[in-house]
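4 protein chains.
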Amino acid sequence: MKATLSGIFAPITTPFDNEEVSLKQFRSNMQKYKKTPLSGIFVLGSNGESKSLTESEKLSLLEVVLAKRGNHQMIMAGTGHESTRQTISFSKKVARMGVDCVSVVTPSYFKKQMTDDALIAMYTEVAEALTVPVIIYNAPGFTGVTVSPKVIKALASHPNIAGMKDSSTGNMSSYLLAAQGCDFNVLAGTVSTLLPSMLLGATGGVVSLANAFPASSCELFDRYMAGDMAGARKLHNTLYALNQSVSGSFGVAGVKYAMELGGFHGGDPRKPLLPLKEKDKESIRAAAKAAGMI
Amino acid sequence: MKATLSGIFAPITTPFDNEEVSLKQFRSNMQKYKKTPLSGIFVLGSNGESKSLTESEKLSLLEVVLAKRGNHQMIMAGTGHESTRQTISFSKKVARMGVDCVSVVTPSYFKKQMTDDALIAMYTEVAEALTVPVIIYNAPGFTGVTVSPKVIKALASHPNIAGMKDSSTGNMSSYLLAAQGCDFNVLAGTVSTLLPSMLLGATGGVVSLANAFPASSCELFDRYMAGDMAGARKLHNTLYALNQSVSGSFGVAGVKYAMELGGFHGGDPRKPLLPLKEKDKESIRAAAKAAGMI
Amino acid sequence: MKATLSGIFAPITTPFDNEEVSLKQFRSNMQKYKKTPLSGIFVLGSNGESKSLTESEKLSLLEVVLAKRGNHQMIMAGTGHESTRQTISFSKKVARMGVDCVSVVTPSYFKKQMTDDALIAMYTEVAEALTVPVIIYNAPGFTGVTVSPKVIKALASHPNIAGMKDSSTGNMSSYLLAAQGCDFNVLAGTVSTLLPSMLLGATGGVVSLANAFPASSCELFDRYMAGDMAGARKLHNTLYALNQSVSGSFGVAGVKYAMELGGFHGGDPRKPLLPLKEKDKESIRAAAKAAGMI
Amino acid sequence: MKATLSGIFAPITTPFDNEEVSLKQFRSNMQKYKKTPLSGIFVLGSNGESKSLTESEKLSLLEVVLAKRGNHQMIMAGTGHESTRQTISFSKKVARMGVDCVSVVTPSYFKKQMTDDALIAMYTEVAEALTVPVIIYNAPGFTGVTVSPKVIKALASHPNIAGMKDSSTGNMSSYLLAAQGCDFNVLAGTVSTLLPSMLLGATGGVVSLANAFPASSCELFDRYMAGDMAGARKLHNTLYALNQSVSGSFGVAGVKYAMELGGFHGGDPRKPLLPLKEKDKESIRAAAKAAGMI
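Chains as they are written, first to last, in this note's numbering: chain A, 108 to 401; chain B, 108 to 401; chain C, 108 to 401; chain D, 108 to 401.
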C-alpha cells in the first residue's frame with residue numbers, strides 16, 4: 108500500500124525577521140504544532156513562500172521540521188521546480204533527510220505547453236526517480252495550470268504516486284472518479300472545500316487556516332468522521348467565512364496575521380508581497396472574533 | 108538620458124545536449140548572431156528557458172554572450188526572480204559582468220497579490236538597488252500577471268527604469284500613452300505585433316523569430332524606418348504567418364526547430380517541455396518554405 | 108413565508124420537429140413527468156432553448172405545462188430578458204397564467220456593466236413589479252456574468268425574492284452564508300453539484316439529467332434527506348459520471364438525446380445548435396449503460 | 108464584387124425618454140449625421156442597445172435611418188438573434204426595407220457549443236437565405252464567443268459574405284490573412300484599434316466615438332489614407348485616450364454622454380444599464396476637454 112494521507116495538514120509558513128528567515132520563530136511554531144492533533148505538516152509549499160526561498164534556506168527549514176515534528180505527524184515537503192531535473196534532484200535531497208512524501212506542483216511558466224502528455228511524462232519521470240511517494244499538487248490559482256482528470260486517470264495507479272492535493276475551486280468528483288479503484292488519496296486544498304470534498308471521498312485537507320487555528324480545522328474533520336453532519340456544517344460555515352476573510356482576501360500575508368492571533372509567529376511575508384495595512388489586520392481580527400477564535 | 112532600446116533583439120535560446128547545457132553549440136550560435144544586424148541579444152529570458160536553469164548555468168551562458176557579442180549589440184539579461192531580494196542579488200552579479208541592462212519579469216506565483224502597489228514597490232526597489240538600467244517585462248502569457256498602464260505611469264519617469272518589453276496581445280497605446288513625455292522605450296514582444304506597435308511608437312522588438320531568421324526580422328524594422336509601408340506590410344504578413352506556425356503553435360520547442368532550419372543549433376528543450384513530434388517539425392518546415400525562408 | 112423550493116426540478120427541453128416547436132411531443136413528455144416524483148418543472152430555461160423561442164412559442168409551451176403538471180409539482184418559468192422592462196412585462200404575462208415563480212437570469216450582453224449595483228437595482232425593480240416570487244438565476248457558463256455574494260446579501264431579505272438557482276461551478280457556501288438568516292432557498296444548477304450543495308444547505312436542484320432520468324435524480328435527493336450518506340455518495344458518483352458525458356460534453360443536444368434513451372421526446376436542438384453526430388450518441392449510450400440507466 | 112466597406116461607420120445609439128424610444132431625438136441625430144463625412148451608419152448594434160429593443164421599436168428606428176441618411180452613407184443593420192431562423196427572418200424584413208447590408212453577431216447564450224462548425228453552418232445558412240450581403244460581427248467582449256481565423260477562412264470566399272467587423276482586442280492579421288485573396292473587408296470595431304488595423308489591411312472602422320465626434324474619427328481615417336503617418340499617430344493618441352475614458356470606462360452610457368458633449372441627443376441607457384453618476388460625467392468632460400473636442 109502507498110502512503111495514506113488522512114486528516115488535516117498545516118501548510119506552514121516561513122517567518123521572516125526583516126526579510127531574513129527566522130529559524131528561531133519557526134522552531135517555536137513547530138514546537139506548538141507538535142502538540143496539536145494535526146496529522147501532518149506540509150513544508151516548503153505556497154504558504155511557505157517556497158518560491159521566494161533559496162535552496163539552503165529551504166534545507167534549514169526542513170531540518171527543523173524533521174527534528175521537531177510530533178510522532179503522529181507526517182511530513183510532506185514541496186519540491187516542484189520548473190525543470191524536471193531540478194524537481195528530481197531537490198526531491199532526492201529531501202528524501203534522504205527523511206520526509207514522508209513530496210508534493211510536486213505543476214510547472215507553470217510554460218503554461219501553454221503543460222499539456223496532458225507533458226504532465227504525465229513529468230510526473231512519471233519524477234515518481235520513478237524517487238523512492239519517496241509523490242503527491243500531485245494542482246494549484247491553478249498560483250500556476251495558471253489545471254491538472255485534468257485524464258492526467259489523474261493516467262497517474263493514479265502508479266505505485267509511487269500516492270495522491271493529489273487539489274486547490275482548484277471546482278467539484279472534486281472528476282478527480283476522485285478518475286482515480287477510482289486506485290490506491291490514491293485526494294486532499295482538499297483549503298478549509299473552504301474540506302467538508303463537501305470529504306463527503307465526495309477526499310481523505311483530508313491541506314488547510315492554511317490550520318496554521319493559525321489547528322484545533323478547529325481538526326475538529327471539522329473529526330465531526331465529519333463521527334457522522335455529525337449538522338455539527339460539521341455549522342463549523343464549516345464558521346471556518347468558511349473566516350477563511351474568506353483571511354487567505355481568500357489577503358493570501359499568505361493574511362494567513363500570517365491570523366497566525367499571530369492564534370498565538371504563533373506570523374510576521375510579514377517576503378517582498379514583493381506587501382505587508383498588511385492596519386485596516387486589513389482589523390478586518391481579520393473582526394472575522395476571527397466573529398468566528399469565536401479570539 | 109537612459110539606455111536607448113532600438114531595433115531587433117533576439118531572445119536567444121539555450122541549446123541542450125541530452126539535457127545538459129551545450130556551451131559549444133551556444134558559442135557557435137553567438138558567433139553567427141554577432142555578424143547579423145541584430146541590435147541586441149536578450150539572454151536568460153523565456154525563450155532561454157531561464158526558469159529551468161541553475162544559477163551557475165546562467166552565469167556560464169552570460170559569459171559566452173558577453174565575450175562573443177558584436178560591438179554594435181546591446182546585451183540585455185533576464186534577472187527576474189519570485190523574490191525581490193533574489194532579483195536584486197542576481198541582477199547585481201550580471202551587472203558586474205557587464206550587461207547593458209536587465210529585463211525583470213513580473214513575479215508570478217502569487218498572482219492575486221501582484222497588485223499595482225506591489226509591482227510599483229518591487230520595480231522601484233529593484234531599480235534603486237542597481238546601477239544598470241531596468242526593463243519591465245510584461246509577459247501575461249507566461250506569468251498570468253498583466254502590468255497595468257497605471258504601473259507604467261508610476262514607473263516611466265524613474266531615472267533607472269529605461270523601458271518595457273510588452274508581450275501582451277493588446278494594443279500598445281495604453282502603455283505608450285502612460286509613458287508619454289518620459290524617456291522610456293517600449294519594445295514589442297513578438298514579430299506579430301512589431302509593425303503595428305512601431306506605428307504607435309514602439310522603438311523595436313524582442314522577437315523570437317529573429318533567433319532563426321535574424322535578417323528578415325531586421326528587414327521588417329528597416330522597411331518601417333525607411334517609410335516603406337507597403338513593403339513593411341507585405342513582410343509583416345509573411346513573418347506573422349510564419350511566427351504563428353512556429354512560436355505561436357509550439358513555443359520554445361518550435362523556435363528551436365526553426366533555428367535549425369535557419370542554420371543555428373536548436374535542439375530539444377529541457378523537460379518538462381516535450382520535444383516536437385515529426386509532424387510538428389514538418390508543419391514548421393512547410394511554413395518556413397511558404398515564407399521563403401528555406 | 109416565501110415560496111419554498113425543495114427537491115428536484117426538471118429544466119424541461121423544447122422538442123422541435125424540423126425546426127418547428129412540437130407541442131404534441133411536448134405534451135407527451137409532460138404527461139410522463141406528471142407521474143414522476145419531480146417536485147417541480149422549470150420551463151423556458153436554458154435547456155428549454157428559451158433564447159431561441161419567440162414569445163408566442165413560449166406562451167404555448169407554458170400553457171401545456173400549466174395544464175399537464177402534476178398536482179405536487181411547482182411550475183417555475185424563465186422570464187429574464189436583456190432589458191428590465193421586457194423582463195417585467197413578460198413575467199407579468201406568465202404570472203397571470205398561473206406559474207408559481209419566475210426565474211430571472213442575469214442580463215448578459217452588457218457584461219462589463221452588470222456590476223453589483225446594476226444587478227441589485229434590476230432584481231429589486233423586477234421583484235417589486237411582480238406579485239409572483241422571483242428566483243435569481245446565476246448561470247456564468249451561459250451569461251459570462253457571475254452574481255456576487257454581495258448581491259445575494261443585498262437581495263436575500265427582499266419579501267418577493269424567494270431564492271437562487273446557482274449554476275456556477277464553485278462552492279455554494281458563499282451564497283448560502285450571504286443569505287444566512289433570510290427566508291431564501293438556494294438550488295443547485297446541476298446534478299454534479301447537488302449532493303455537496305445539499306450538505307452545505309441547498310434545498311434541492313434544477314437538474315438537466317432529470318429530464319431524461321427523473322427517478323434517479325430524485326433518488327439522490329431522497330437518499331441524502333434520509334441520511335444515507337454512503338448510498339448518496341454512490342449514486343452521486345454514478346450520476347456525476349453520466350452527467351459529464353451528457354450535458355457536460357454536449358449541452359442541450361446531449362440532454363435531448365439522453366431523454367430519448369429515457370423514453371422521452373428529445374430530438375435535435377434548434378439551429379445554430381448542431382445535432383449530435385452518431386459517435387456522440389454512441390458515447391452517451393455507453394455512459395447511460397455504464398450508469399445502469401438503460 | 109461584393110459590397111465595399113470603407114471609411115468610418117457610426118454605430119448609432121437609441122435615445123430614450125423616460126425608458127421610451129424617442130424617435131424625435133433620433134431623427135434629430137440622423138439629421139446631423141447626414142451632413143458629416145461618415146461613410147456609413149450602423150443601426151441596431153451593441154451601442155444601439157438592440158438587445159433591449161422590441162422588434163417594432165427596431166423597425167421604427169430603421170425607417171428613420173433609411174429616410175434620413177446622407178446619399179453618400181451606407182446603412183448596415185444589426186440583425187443577429189440567438190436562433191438562426193430568427194436571424195434570417197428579421198434580416199429579410201430589414202433587407203426589404205432597403206438596408207445595404209446586415210451585421211450578424213455570433214449567437215452567445217450557448218457559448219460552448221459555438222464551435223467553428225456551428226458558426227460556419229450558421230453564417231452559411233444566413234448568407235444563402237438573404238439577398239443582402241452579410242457582415243460577420245466578432246464581439247467577444249459582449250458575447251464571450253471569439254470567431255476563429257479558421258471560420259473566417261471558411262467563409263471569406265462566400266459570395267454573400269462581404270466582410271467582418273472585429274471588436275476583439277488582438278492583432279487583426281490573423282483574420283486578414285485568413286481572408287487573403289478573397290473579396291472580404293475587415294473593419295476595426297473601435298477607434299482604439301483603427302490606425303494599427305488599417306496599416307495591416309483593414310478598410311475602415313465602426314467606431315462608437317464617431318457617434319459623438321464624427322469629424323475627428325473621419326479625420327484619422329483620412330490622415331492615414333493620405334499617408335500622413337505622423338499626423339495619424341498624433342490623432343490616434345488623442346482619440347485613443349479619449350475613447351478609453353468614454354466607451355472603455357462606461358460603455359454605452361459613456362458614449363451617450365459624450366454625444367451630448369458633441370451636440371447630439373444622448374440621454375440615459377435603458378435599464379438594467381445604469382445612468383452615469385455626476386463624477387463619471389465630469390471625467391468624460393475632462394477627457395473631452397483634454398482631447399480638444401470641447
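To be clear, the hints were calculated from the coordinates, so they are not data collected in a lab. Remember, it's a predicted structure, so these values are computed and weren't measured experimentally. Worth double-checking, as some hints may not be accurate.
Since the list gives no way to pick out one identical chain from another, each pair is judged satisfied if it fits inside one copy or across any two copies.
Calculated cross-link-like contacts (lysine to any residue; reagent style SDA-like; alpha-carbon spacing at most 20 angstroms) [said to hold, decoys possible]:
{"#": "1", "residue 1": "K175", "residue 2": "R203"}
{"#": "2", "residue 1": "K175", "residue 2": "G205"}
{"#": "3", "residue 1": "K341", "residue 2": "D290"}
{"#": "4", "residue 1": "K141", "residue 2": "E189"}
{"#": "5", "residue 1": "K199", "residue 2": "V171"}
{"#": "6", "residue 1": "K388", "residue 2": "Q220"}
{"#": "7", "residue 1": "K260", "residue 2": "N344"}
{"#": "8", "residue 1": "K219", "residue 2": "Q351"}
{"#": "9", "residue 1": "K260", "residue 2": "T345"}
{"#": "10", "residue 1": "K219", "residue 2": "G248"}
{"#": "11", "residue 1": "K388", "residue 2": "P256"}
{"#": "12", "residue 1": "K142", "residue 2": "S352"}
{"#": "13", "residue 1": "K257", "residue 2": "L284"}
{"#": "14", "residue 1": "K199", "residue 2": "E326"}
{"#": "15", "residue 1": "K200", "residue 2": "P247"}
{"#": "16", "residue 1": "K218", "residue 2": "D387"}
{"#": "17", "residue 1": "K396", "residue 2": "N125"}
{"#": "18", "residue 1": "K218", "residue 2": "E189"}
{"#": "19", "residue 1": "K219", "residue 2": "T253"}
{"#": "20", "residue 1": "K200", "residue 2": "L160"}
{"#": "21", "residue 1": "K200", "residue 2": "A174"}
{"#": "22", "residue 1": "K219", "residue 2": "V171"}
{"#": "23", "residue 1": "K219", "residue 2": "P247"}
{"#": "24", "residue 1": "K142", "residue 2": "D290"}
{"#": "25", "residue 1": "K200", "residue 2": "S163"}
{"#": "26", "residue 1": "K219", "residue 2": "S390"}
{"#": "27", "residue 1": "K396", "residue 2": "S146"}
{"#": "28", "residue 1": "K384", "residue 2": "C325"}
{"#": "29", "residue 1": "K142", "residue 2": "N267"}
Fill in: Up to 20 angstroms CA-CA - L284 versus K257, copy category
within (10 angstroms within a copy, 34 angstroms between copies)
Worksheet item: When no copy is specified for K175 and G205, does a C-alpha distance of 20 angstroms or less occur within a copy, between copies, both, or neither?
Response: Classified as within; 13 angstroms inside a copy, 46 angstroms across copies.
Practice prompt. Have a look at K388 and P256 and pick one of within, between, both or neither, based on CA distance no larger than 20 angstroms.
Written response: neither (38 angstroms within a copy, 22 angstroms between copies)
Fill in: Same-copy or cross-copy closeness of K200 to L160 [CA-CA at most 20 angstroms]
both (16 angstroms within a copy, 18 angstroms between copies)
Discussion item. One pair to classify: K218 and E189, alpha carbons no more than 20 angstroms apart. Within, between, both, or neither?
Written reply: Result: close both inside a copy and across copies, 11 angstroms intra and 17 angstroms inter.
Worksheet item: 20 angstroms Cα cut-off: does K141 pair with E189 within a copy, between copies, both or neither?
Response: neither (32 angstroms within a copy, 30 angstroms between copies)
Practice prompt. Using 20 angstroms as the alpha carbon limit, work out where K260 and T345 are close: within a copy, between copies, both or neither.
Written response: between (34 angstroms within a copy, 17 angstroms between copies)
Discussion item. If the cut is 20 angstroms between Cα atoms, do K200 and S163 qualify within a copy, between copies, both or neither?
Written reply: both (11 angstroms within a copy, 19 angstroms between copies)
Discussion item. If the cut is 20 angstroms between Cα atoms, do K396 and N125 qualify within a copy, between copies, both or neither?
Written reply: Classified as neither: same-chain Cα gap 29 angstroms, cross-chain 48 angstroms, threshold 20 angstroms.
Discussion item. For K218 and D387, with the copy left unspecified, which applies at a CA distance of at most 20 angstroms: within, between, both, or neither?
Written reply: between (32 angstroms within a copy, 19 angstroms between copies)
Worksheet item: At most 20 angstroms between C-alpha atoms: does K200 with A174 qualify within a copy, between copies, both, or neither?
Response: within (16 angstroms within a copy, 35 angstroms between copies)
Fill in: Within, between, both or neither: K219, S390 at alpha-carbon 20 angstroms
Only across copies: K219 and S390 sit 19 angstroms apart there, 38 angstroms inside one copy, limit 20 angstroms.
Checked against the numbered hints listed earlier, the structure breaks hints 4, 11, 12, 14, 15, 17, 22, 24, 27, 28, 29; every other hint is satisfied.
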